[in-house]
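Participant: Produce the complete structure using the sequences and hints provided.
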Amino acid sequence: MENFTPGASFLGGVLIGLSASLLLLCNGKIAGISGILGGLLRPVRDDTLWRVFFIAGLLAGGAILRLVSPQVFDIALTRSGEVFLLAGLLVGFGARLGSGCTSGHGVCGISRLSPRSLLATLIFMTAGIVTVYIVNTFFGGAL
Amino acid sequence: MSTLVTSFLAGMLFAVGLGLSGMTQPAKVVGFLDLTGRWDPSLACVMLGAIAVHAPAYRLIRRRSAPIFAAAFAIPTRRDFDLRLVGGAALFGIGWGLGGFCPGPAITSLPSGHTAVLLFVPAMVAGMYLHTLVEGLQVRRSGIVHPETVSRSPTLPPSPALQYRHDA
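In the order they appear, the protein sequences are chains A and B.
For the numbering used here, count along the first sequence from 1 and bump the result up by 105.
For the numbering used here, count along the second sequence from 1 and bump the result up by 69.
For the record, the hints were derived by calculation from the structure and aren't laboratory data.
Don't take every hint at face value.
To be verified - Going by beta-carbon spacing under 7 Å, a handful of chain A positions derived as facing chain B:
hint: 1; residue: Leu130
hint: 2; residue: Leu146
hint: 3; residue: Arg217
hint: 4; residue: Arg221
hint: 5; residue: Leu223
Unchecked claim - What follows is a set of in silico ranges between Cβ atoms, one per label pair, in the way DEER data are often shown:
hint: 6; chain 1: B; residue 1: Leu206; chain 2: A; residue 2: Asp179; range: 38 to 44 Å
hint: 7; chain 1: A; residue 1: Gly245; chain 2: B; residue 2: Leu199; range: 27 to 33 Å
hint: 8; chain 1: B; residue 1: Ala140; chain 2: A; residue 2: Phe244; range: 50 to 56 Å
hint: 9; chain 1: A; residue 1: Pro175; chain 2: B; residue 2: Ala139; range: 35 to 41 Å
hint: 10; chain 1: A; residue 1: Gly112; chain 2: B; residue 2: Ala141; range: 37 to 43 Å
hint: 11; chain 1: A; residue 1: Ala168; chain 2: B; residue 2: Arg148; range: 37 to 43 Å
hint: 12; chain 1: A; residue 1: Ile239; chain 2: B; residue 2: Leu202; range: 28 to 34 Å
Even for Gly, the Cβ is constructed at its ideal location relative to N, Cα and C.
Facilitator: Below, the structure written as structure tokens:
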């Protein structure tokens, strides 16, 4: 537990919760990132531009972080390029098939006690834990 | 116009929260999932912090008849479990454990220019697009109308495709 950062992580979570609340209060939308991005791939009239602006906000925030504290983008994970490609494919396809990701199910869905989101979060956490266990036990933590 | 400004601000706030929380560091995410090894419980604090704010805020906000800048709330209403939810979440979890990235942190990390992110994000978009294609095929085969068509014809009953459109 030498890397435990409860304070910063909790505070970061608070900002994420505030962002989701701002989006709901002002626009009536759920801050599920895979849903916001995925919705752009089959655009519906009058339901597209806000998605572009949200993604632009994420990128702007990322640009600010890069200037202020570039260490938050430390990768420090031993994975080949192919593994990152495969991971991306699975995350993108899985999030759309399962109607949400860590933000949509894990934060927004659990906050409103959605049974689907509770189940999805339980499943993707378990799948992640099993995957990391396999990688660390049988592949020495590197792929 | 106002909704675009609030969308942008919400996105920026979300990104800064992700950066501060440690979610943009794949090794930290994998450390959280490494339950049987050197477990780093930090990411549980991220969820705790986010839900501590959003759960009460959600209840307060839903007392309003409508959001400030839009006509109505767009909130998922489905409560049933199906194979798509289970299978999708499982695939998502495997990818998350493999790469240490989920969609929000991956997009936020794009400005870092790291090769891992430049590979992950296009692959993620491709995965999402693949799902859109598969879904389109299924819709055509099963004859379920597109949500766009439904919204223009009020006499049609709500289809699964319409519900499916509203992601969590």
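Participant: Can the suggested window of 37 to 43 Å be confirmed for the beta-carbon pair Gly112 (chain A) and Ala141 (chain B)?
Facilitator: holds, 38 Å
Participant: With respect to the beta-carbon atoms only, verify the hint that Leu206 (chain B) and Asp179 (chain A) lie 38 to 44 Å apart.
Facilitator: Hint holds: Cβ distance 41 Å, inside 38 to 44 Å.
Participant: Can you let me know if the beta-carbon spacing of Ile239 (chain A) and Leu202 (chain B) is within 28 to 34 Å?
Facilitator: holds, 30 Å
Participant: Per the hint of 27 to 33 Å, is the separation of the Cβ atoms of Gly245 (chain A) and Leu199 (chain B) within bounds?
Facilitator: holds, 31 Å
Participant: Can you tell me whether the CB distance of Ala140 (chain B) to Phe244 (chain A) sits inside 50 to 56 Å?
Facilitator: Given a distance of about 51 Å, which is inside 50 to 56 Å, the answer is holds.
Participant: Is the distance from the Cβ of Pro175 (chain A) to the Cβ of Ala139 (chain B) consistent with 35 to 41 Å?
Facilitator: At 36 Å between Cβs, range holds.
Participant: Holds or violated: is the Cβ of Arg217 (chain A) closer than 7 Å to a Cβ in chain B?
Facilitator: Constraint on Arg217 (chain A) satisfied, holds at 5 Å.
Participant: Once the shortest beta carbon distance from Leu130 (chain A) to chain B is found, is it less than 7 Å?
Facilitator: Holds - the Cβ of Leu130 (chain A) comes within 7 Å of chain B, reaching about 5 Å at its closest.
Participant: Between Ala168 (chain A) and Arg148 (chain B), is the Cβ distance one that fits in 37 to 43 Å?
Facilitator: holds, 39 Å
Participant: May I ask you to test the interface hint for Arg221 (chain A) with respect to chain B, counting a Cβ-Cβ separation under 7 Å as satisfied?
Facilitator: Constraint on Arg221 (chain A) satisfied, holds at 6 Å.
Participant: Does Leu223 (chain A) pass the interface check with chain B, least Cβ-Cβ distance below 7 Å?
Facilitator: violated, 10 Å
Participant: Given Leu146 (chain A) as an interface hint, is the shortest Cβ-Cβ distance to chain B below 7 Å?
Facilitator: holds, 5 Å
Hint compliance for this structure: hint 5 alone is broken.
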